[in-house]
Structures are given as C-alpha cells and as structure tokens.
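For chain A, the structure is supplied; the task is to place chain B on it using the hints.
There are 2 protein chains.
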Amino acid sequence: MLDQNPPAQLPANPNVAIVGSTGAVGVELLNTLAARGFPLANLKLLASARSAGKEVSFNGGTLIVEELSENSFDDVHVAFFSAGATLSRKFAPIAVAAGALVVDNSSAFRMDPDVPLVVPEANAAAMSGHAGVVANPNCVAAIATVALAPLHKAFNIQRLNLATYQAASGAGAAAMEELRQGTQAYLNGDDFQPEVLPHPYAFNFFSHNADIEDNGYNGEENKVIAEVRRIMERPALPIGVTCIRVPILRAHGMAISIEFDQPVSPEQARALLQDAPGVKLVDDREANYFPMPVDASGQEDVLVGRIREDLGDPSGRSLSIFVVGDQLLKGAALNAVQIAEQFLPA
Amino acid sequence: MLDQNPPAQLPANPNVAIVGSTGAVGVELLNTLAARGFPLANLKLLASARSAGKEVSFNGGTLIVEELSENSFDDVHVAFFSAGATLSRKFAPIAVAAGALVVDNSSAFRMDPDVPLVVPEANAAAMSGHAGVVANPNCVAAIATVALAPLHKAFNIQRLNLATYQAASGAGAAAMEELRQGTQAYLNGDDFQPEVLPHPYAFNFFSHNADIEDNGYNGEENKVIAEVRRIMERPALPIGVTCIRVPILRAHGMAISIEFDQPVSPEQARALLQDAPGVKLVDDREANYFPMPVDASGQEDVLVGRIREDLGDPSGRSLSIFVVGDQLLKGAALNAVQIAEQFLPA
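Keeping their order, the protein sequence lines are chains A and B.
In case it helps, the UniProt record's numbering puts the first sequence at residues 1 to 346.
In case it helps, the UniProt record's numbering puts the second sequence at residues 1 to 346.
For reference, chain A alone in the conformation it holds in the complex (with noise of 0.2 Å):
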C-alpha cells in the first residue's frame, strides 16, 4: 500500500495539514504546533463537508477549514491525521503518495508492521524504517511507555500490570462536555440522559466502553496490550490490564506494576526517571505530594510518582508506580508533533 518512498527529512519550513482540526485532538495540535514554534510555512485544515467552511483559531490568525479530498495533499510536506480510521485508511495513502509524511493519531495502522508505532521518548530508531506513515499510539500505551520505557531500558521488564484512571477527552469533545453537563445536573437534582457515553458519568466511573472482545478484554484494553508490547518491542510481553473512565476531564491515569528480570530497588527507579526525557517525578513521600490530573493537565511531561517495591511480588523484582499524563497532550497531539519535529533537519 505505502510502496513510494517519502522524503526522509522534512525542509526547514514545512508546509502541514491537519486532518480533522475541530475535536479535542485537533484543537490541541494546534495549540502545540503554536507552543513549540513548530516552524511551519503554511498551514491547511481539513475536514469533511459537514465541517468545511468553520473558522479556526492559529497563533492569533484565524484559518479556514476545507473540505478534505483527493488532492489536499498536493502541496503538504506533513499531515497530521486526526479524525478516525475510516478517514485515515483512505487518505493516508493518499497523501503519501502526495509526498506528504503522514503522522496518524487513529487505530487504522498501529499494528501495521509497515508503518512504526512511536513513541519518541520510548522508541524513536523504529521510525527510520517508515515508508511514509508514522501511527501515534493509544494514548494509554503513549502515557505509560514513557514512565516505563527507561525502566526497560535498564532492567528487562518481564511482566506487567496496569489499571487505569481514564478521563473523558479520550472519547472526545463532546464526552468532556457531558461529563460537565452530567455533573451539573446531578448537583441540581436533575435528570440527565447520557449521549455520547452509554453511562451517566457524574461521580461514576465503569469499564471502558469499547466493546469486549474474545479474550474478556475490551478494545480499549486489547489497545494497550499490544500497543505497549510494540512500543516496547516486547511482542510477547505478558501484560493484564483493566481500564476505567473515571470524571476526569483530560489526563489519564494508571497504577502500574512492573516485573524485572531482577531486583530493583525503588532507588535505582527513581534516579533512572529522574533524568528521563518527558517525564517529571512527582513522588514526595513527605508532603504526601503525587501525580494528579490538576498538575498533570496542560502539561507536556508525564507525572510520575509513588515508585516503591510491589510487595505483592515477594521475590524483590517488582515495583509498583502511579503515573498521570494529559490525555490530549502526550497521549496524542503532544506525541503526533514530536514525531513530526523528529523529521526537521537538525
């Protein structure tokens, strides 16, 4: 499918499109686009009729969208990709041959062992093998490959158990807005339907709603598994997982235990993570101070804290830790840009 070859290297000052601009990832690449002085030459969004014609904010300009066909990618260098599978798989391959690098934030080609699953902090050397699309990851398995991936780097990470605390932007816009409209209707004792989640979400949490599959895992779980195992280049790595969504806006979290192949200590964890790339340590014992998602929001590196032995593995091999990211941020928009940054000439 993806047969031509893209330039390896972006130039100085690329031309980008985004695909899907006006959900909550979009409106975020944007932001880090601006933020990171991405040093783009032009900018184009796209989306589907329905949406074509909206105005959109930019760096104190406002831009209009367009409507998304066969040739929008005639002139684009980079095209972030944000608006589904569906749109994903027929237009991806249609930018590259375009020319376009393709950074895609959908599902459609995560598993594709043409195209690199990446993670930059965790496995930037896979993506020399593109052939012209880069796929970001589930923003769980983003999230927790960079806490874990200097861990693995050090000690071999032989097991692992995550259960996370997952916050409304990971089903997008509209959710946020019905947990926020959810919520105050039940503190004035009103009725509410949810629509856009198959739960009421004010001070509830349930399992993550992606259908459950053969093996008792749901979609969003099966995601992560797989996603980290590739991330990781574990493709065996035994990994259990339990997702909730719980009324947070926009960071997820996860407790997660880690196996080695031999005793760490919490000590070396700690000095590992404290030099890590995207990541700050948030782990006061004293002050009782750890990752939460009113730090965590808006911020670009992943909160990592509560590093201590996991004694329910008694042979000293385990460790247990506590890890907050924005879900927008590194777990999507944040991870799709730092990609793209990786293509810029030096």
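Think of the hints as simulated: they come from the structure by calculation, not from any bench.
The model shown is predicted, which means the values in this text are computed figures rather than measured ones.
Be aware that one or more of the hints could be misleading.
What the hints assert, rightly or not - Some chain A residues judged to face chain B by a derived CB distance under 7 Å, without partners named:
#: 1; residue: Ala131
#: 2; residue: Gln184
#: 3; residue: Asn288
#: 4; residue: Pro314
#: 5; residue: Ser320
Cβ coordinates follow ideal geometry from the N, Cα and C atoms, glycine included.
Relative to the frame of chain A, chain B by itself:
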C-alpha cells in the same frame, strides 16, 4: 484488657447503643438497623458533649443524642462504635465491662489478636473467639474479601494486586460535601479551597492521603494488606495495593488481580461468585455492563464483574476482576450490623 467474657448470644430484643451516630457511617447504621428490621428493644445514641442534644430521626420517630459517659452502657447489649480509634480505645473496654458486645468500626482493635476482624461472608467462624469486641474492617478490605473469600475457599489464593477507586465517603460526610461544593465551584469557574481533604477533588483523583509509612505504602494501603491477610487467614499473603481517591460520593471500586495455586478459569470463578453470599454478579460482556458506583450505591451486595484471565500471568493461574461496593454499607455500617446479627438467637 478485655478479660470479661460477655454473653455469647444477644437477647432476642437487645438494647442497642451507637457511639457516633451523626457521621456518615452513623447515619447508615441507623438506616441499616431500620432497613433490616434489627429487633432492637431500645436504641441509645451517644456522642461527645458537642453533639449531645442533637435530634436524629429513626424509623419515623426522633431520638435525642446523649452525652457519652462511663455509665452510658449499663443497660446496653450491643454497642456500635463509629467515632474514631481514640474514643473506641477508651470506651469499648468500658462497654464490654458493662456486659455489652462491641462492634467497633474504627481501626483501634483490628490487629489485636484477641479481637476478631470479621466479614461474615468470609470468616464468620472467627467470631467465636471474641472477648467482647468484634472489629469491623477497613472499607476496602471488607468489600474486597466478600468477592475474594469464595474464590479463596475453592482455590487457594497465592498473590493479590489491587488498584482502588475510592469514594469521598471514606473521609466522612464533610468530604462528600466538599466534593459536591468543590465540583459546583469548578463548574461555576469559582475558586475553591479544600479544607477536609488536602487536594482539589473536583474532576481530580489523588493517592490516598493517609501518611506514607516506611515501606512506601500509605496507611490505607497497609491497612488493606494487613486486614485482607487477617480476614482470609493468610498472614503472609503477598499483596500489592494502590489506593486512589476518585471523585465519587459513596462507592469504592477495585481492580483486583488474583493468582491462585492452580489454573482457574473465568467460568469456574463466575459459577462460584454467582452463588456467593453478599455478591451480585454484574458481568454482561455482550451489553458491556459491569459494576459501577451508580448501581452499587445504596446496595447491600458487592458487585463483581470483568471476570477474565489475567493476561499479565502467562501461567493461567491468575484472574482479574472488578469489584464495586457501597463504602458506607458493606464497607462500614452494613457489615457492622451483620456482625451483630450473628449474635441474635436463631
């Protein structure tokens, strides 16, 4: 300390006292005694001088809170203590000396070898050794062991890992109100300074605020470890646990991974839990319907679902489950009343 041997059985219509009847658990003790038709002859509400004189509704009538004193228990057959460990340490021995059975909801006696720590569904037999006081467990330990006991009795549990999703009610009625008020302030865009809990609670979660102890676990987590071991009569069971407060009003959730000493299938576990006392199976993969606080709140049963192989353990000896229970009921008041019911004549 507890050297007097109180009657092994209560009279058919015992006189009941509640120490601490105006807190979140106290209110649910009253509700639970009424809802279950506990055959009390007389009900006495006891509190510090500060709360004495308050009026409390019970079963359509009104009771006046009396000031707790050394003479409060002279005619009492069973006393529920729910006013903190300090008060329990002082007054439980006085109540026992006066001939009362004490059911203590504080942490004062939970690890005292002379005091049974009881979840009736799990270890009712342990009560036979009591010397006047029976301890009511920590809420997480109580809810978890309702689900774990039937599995443990059939297939020996070798290792546990829990990640909790804990409600405001665990920190009392004031924390529940702070969650409501803080959330309303957030939605209004107003500043809000938390006073009961150390962190913002609106659309936020945080590591349980009990002090971190020498092993890197907080006091809540160490209670869960010690109490689950005691209730399951496995004093050295390896247990890893992460306790997180989520913005929920009154139901605790927990993702639990369980390693057995032999392979156990999800079907075997489901069959056992289907018939287990105090458990309601909520495990509909087709409808993607699993335990949630909105369903568990106000319910006596502990909801159990997401029963599946723990893919983090390639041996096939591990299962993962998701459990939600009402923190004020099975996590506190209901379990206390159930303990007292065991002493009523058949």
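Tested hints:
no.: 1; hint: Ala131; verdict: violated (31 Å)
no.: 2; hint: Gln184; verdict: holds (5 Å)
no.: 3; hint: Asn288; verdict: holds (6 Å)
no.: 4; hint: Pro314; verdict: holds (5 Å)
no.: 5; hint: Ser320; verdict: holds (6 Å)
Figure legend: structure checked against the earlier numbered hints; the only hint not met is number 1.
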